[in-house]
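Trainee: Listed here are the chains, written in short residue letters.
Number of protein chains: 2
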Amino acid sequence: MTLSKKEMLKQNYFLETEQVLPCEIGGKVMQLFASSSQASSIEEQIDGVINDFSEDFLTSIDSNSDIDLDLILRKFSDSQIPIQPADVESYFQYLGNHVVAHSIHTSSPRFIGHMTSALPSFVRPLAKLMTAMNQNAVKIETAKALSFCEREALAMLHRLVYNFSENFYAQHIQNNQSTLGILVSGGTVANITALWCARNASLKAKDEFLGVEKAGLAAALDFYGYKGAVVIGSELMHYSFDKAADLMGIGTDSLIRIPSDRHNRVNIDALQKAVANCHAQNLLIIAIVGVAGTTDSGGLDSLAEIADIAQHAQVHFHVDAAWGGPLIFSQQHRHKLAGIERADSVTIDGHKQLYLPMGIGMVLLRDPQLASAIEKQASYTMRKGSFDLGKRALEGSRPGMALFLHAGLNLIGLKGYEFLIDEGIRKTKYMADRICSMSEFQLLAEPDTNLLIYRYIPEQLRELVSKKQLTEIDNQLINQFNERLQKMQRQIGRSFISRTTKTATSFGKETSIIALRAVIANPLTTEEDIDAVLNDQIQIAQAI
Amino acid sequence: MTLSKKEMLKQNYFLETEQVLPCEIGGKVMQLFASSSQASSIEEQIDGVINDFSEDFLTSIDSNSDIDLDLILRKFSDSQIPIQPADVESYFQYLGNHVVAHSIHTSSPRFIGHMTSALPSFVRPLAKLMTAMNQNAVKIETAKALSFCEREALAMLHRLVYNFSENFYAQHIQNNQSTLGILVSGGTVANITALWCARNASLKAKDEFLGVEKAGLAAALDFYGYKGAVVIGSELMHYSFDKAADLMGIGTDSLIRIPSDRHNRVNIDALQKAVANCHAQNLLIIAIVGVAGTTDSGGLDSLAEIADIAQHAQVHFHVDAAWGGPLIFSQQHRHKLAGIERADSVTIDGHKQLYLPMGIGMVLLRDPQLASAIEKQASYTMRKGSFDLGKRALEGSRPGMALFLHAGLNLIGLKGYEFLIDEGIRKTKYMADRICSMSEFQLLAEPDTNLLIYRYIPEQLRELVSKKQLTEIDNQLINQFNERLQKMQRQIGRSFISRTTKTATSFGKETSIIALRAVIANPLTTEEDIDAVLNDQIQIAQAI
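Those sequence lines, one after another, are chains F and V. My numbering applies: residue 828 is where the first sequence begins, and numbers increase by one. My numbering applies: residue 828 is where the second sequence begins, and numbers increase by one.
These are computed hints drawn from the structure, not numbers from a lab. No experiment lies behind these values; they were computed from the predicted model shown. Misleading hints may appear alongside valid ones.
As the list makes no split between identical chains, a pair holds if one copy fits it or if it spans any two.
Straight-line C-alpha distance at most 27 angstroms; calculated BS3-like pairs for lysine-lysine [as the list claims (entries may be wrong)]: (1) Lys1041 x Lys1031; (2) Lys1031 x Lys1054; (3) Lys1203 x Lys1314; (4) Lys855 x Lys1256; (5) Lys1031 x Lys1203; (6) Lys1163 x Lys1041; (7) Lys1041 x Lys1100; (8) Lys1033 x Lys1054; (9) Lys1100 x Lys1163; (10) Lys1033 x Lys1256; (11) Lys1054 x Lys1041; (12) Lys1295 x Lys1163.
All chains should be built: construct the whole structure from the sequences, respecting the hints.
Mentor: Here it is, written out as structure tokens:
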């Protein structure tokens, strides 16, 4: 029997009017906390229900239920916390019917529009173990082995990127004065952390001056004689850099966005000029950012050329490789990241192309002492000289996500990740070829990696496309059509492709192009699935 | 058979020298990604192993294994990612022997030194479900029902704190222009987010000026005619405010720490003077912070008096109730939070006294439009007018932790949380009474809630304690003794109490006192467990 939340709550209120005694509440609550052997009935019961939900969810081909947002939001309009503990079975039924049933099938082989994917099966039992252990990675007193396990996993990725000597890693891997990387909740916090370290290191304490950390940004710029501070990178930098610039007090207008070319790479000449310009204006360049995998189309900056500029200007070089970092696993494709090993800091997301659950980002640091620039202490925790990981981090208490990272690196391994990366790029080429062969579609850029941007062309305009005679108005019509197509496809829920707006295309900078955006990372996605997604779009377009 | 990681790796290298064919790697990896029905053998196998680990772990009475840190860190000294995928069974055996075996039993009834506890059993299967669903809460396209579920859970807590009208909640709960709260990875990000909103709202765009977000802090202070910007609160503010002050560019010296009294409450007169002083100096007060549950001893500021000051000064009033917020569930104790309903923003941690897994913090916002001060957009996501939760957040991609929050509020309910809060405080009083009755110990402050600070007194000094004749040197000896006692107790691992350093005690501000710090939040902790922990300390002290 399926209970709606209202009915479930009614049950509660009913109990309430019957005046449940405090000791009964206590008994109910203590039952929830009983250790697993005693509570086997509750936990096993939920486990069974959840395994059924999960299996249905994970084997679904559709990307989504077709329920309207207007309908679903009404199901979540209750701002009262139930007075009595709800019945566990009823609640999980409610969860299945209202939340799980209308969640996005991020693991579906035909949900190929965002940076999500099916995950390896070991992450699911591991999530349960992580929650059972409930370590708090902020300090050694609440995360003993896990602190060292986390350091090992981060050192592995540091070595993959920087490849320093055996001796370097022996010296730093478990040295409590060294920080090879910081595990964070995601790429945004990783990027913010990197720029925070860079800012504090460039404006550190000197002579009488206490440094930006204590004295603040205005005093620090003043002491060092700068007129302002900026961060420079491609116009395709992730919006987390806006957050960082805002948060750090330099303001988003001090985030200098350099134009990118048709291949989504930052224009190196323009970058160099901007750097010279900032120096001439006496502006501190906190960091130059290279993007290894733009969010909108997977483009990779020419990192080696940016490294040259940063090195020459003696400026912190940060690489946002949240998406593209794992290309380094591939013998065939790692050359696209050449220069990353010269970065001072590198962001990589575990929940993207390391195929781990949401909530795992990291920043790797070339200099194991850099993070001392943001170190904080407190008398009840994070004492100097301790192994407390929270000393050098934006976040405080945080879960033992390192378990997933460590397991992924070991259970998938170098060759396993190489296979996953190579397969994604191979299938993306397949999709690009299919698109080029079909008159219904237009490929908007040759894919660098495994993101693909293209668009649907309504029939009456196809001839103009092939003759390259589209006017601005034609493009606007095509834009409207593609926006509608993407929304309808999403709503119907058989398959999913996202959309983005591109300005740097073969149509020139003046024309905004609404693009369909495919992300081919899911190992379960086959060539047949790709065909099915494209055919779904054709079918929907014909009905528009 | 138990394989060390080295042996496991050796197996891998052995496979490597045998030249595993690419297709074999592919087969192995695809097996890991097979959906649960096909992969039942792998997933069920791991599930079984993990259930055994978890049960042992969760039923353990000891707080910890007694392994030395020096020994354990050597187990994690391998910076090479294995070339081949490791054998799943061997890896999980390794995990059990090396990580799980030497992790902290945060759920042990005798681990009563940090803000961790046993958790209700439903969180474990729910963790598995969350990972199976792997929603990304940053945007509606990757988190459909979950976005609304998260908004509902936050609205419930908002109502618990602010208790606005039914109509208010009907209007805002699922309105995409309103933000009643932001779910974040933890209290630190919540506090930073609150101050970020406050800073941006006080220095917003006006006339020709673009606001602090775009123009930066120096220009904003200049435009508005301020000489600087500060945050004011108790000296016992959490160290996350240092992070916030540093990150936001005002510098930690602009975090004005007002002395607290023996009861760990901020001195209201001194606070008022500081506010007047800042105004006289033409400094912008970004926020006045009230602490509801200091990290070191659970002390609660007089929030209503701080609210008066903030209101009079027209300054943003932030309450850090990361720990103490859930007192509001208790009819008996909620009066200690009086004034919290006047805060502009409130931090609460789900992973503390809401008994949810690590990684759930939140900031509640009185004004549903306040968070527009930090709003960001991007062309590929987080479009204006969408339900994308990432528009107004420090973090970007993040997991569906709202599932836990929603489940906790429903399955534990108002009365269930009240029971948990009341029980913790009742047992803390029991412990305080026991300590007062034993000559071995000295209670350092009457507990406000469920944190308790005390110390062990070596036998030869007990008479001086009862006569109140301790000298500075005596106190130093006692300090050394207690530090040693705490470290030994932690190392032996039968039970656990943390330690902190207190300056505001009955000994006066000049004397630093090392205190033992108990946190009584675990529902599984009984009076017998409390006796056992104290007896463990006596036994260890006798051997020192």
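Trainee: Against each hint, give a clear statement of whether it holds in the structure.
Mentor: These are the hints, each one checked on the structure:
no.	hint	verdict
1	Lys1041 x Lys1031	both (9 angstroms within a copy, 25 angstroms between copies)
2	Lys1031 x Lys1054	both (17 angstroms within a copy, 22 angstroms between copies)
3	Lys1203 x Lys1314	between (47 angstroms within a copy, 22 angstroms between copies)
4	Lys855 x Lys1256	between (57 angstroms within a copy, 24 angstroms between copies)
5	Lys1031 x Lys1203	within (15 angstroms within a copy, 30 angstroms between copies)
6	Lys1163 x Lys1041	neither (40 angstroms within a copy, 34 angstroms between copies)
7	Lys1041 x Lys1100	between (33 angstroms within a copy, 23 angstroms between copies)
8	Lys1033 x Lys1054	both (18 angstroms within a copy, 23 angstroms between copies)
9	Lys1100 x Lys1163	within (24 angstroms within a copy, 60 angstroms between copies)
10	Lys1033 x Lys1256	neither (54 angstroms within a copy, 50 angstroms between copies)
11	Lys1054 x Lys1041	both (19 angstroms within a copy, 16 angstroms between copies)
12	Lys1295 x Lys1163	neither (31 angstroms within a copy, 72 angstroms between copies)
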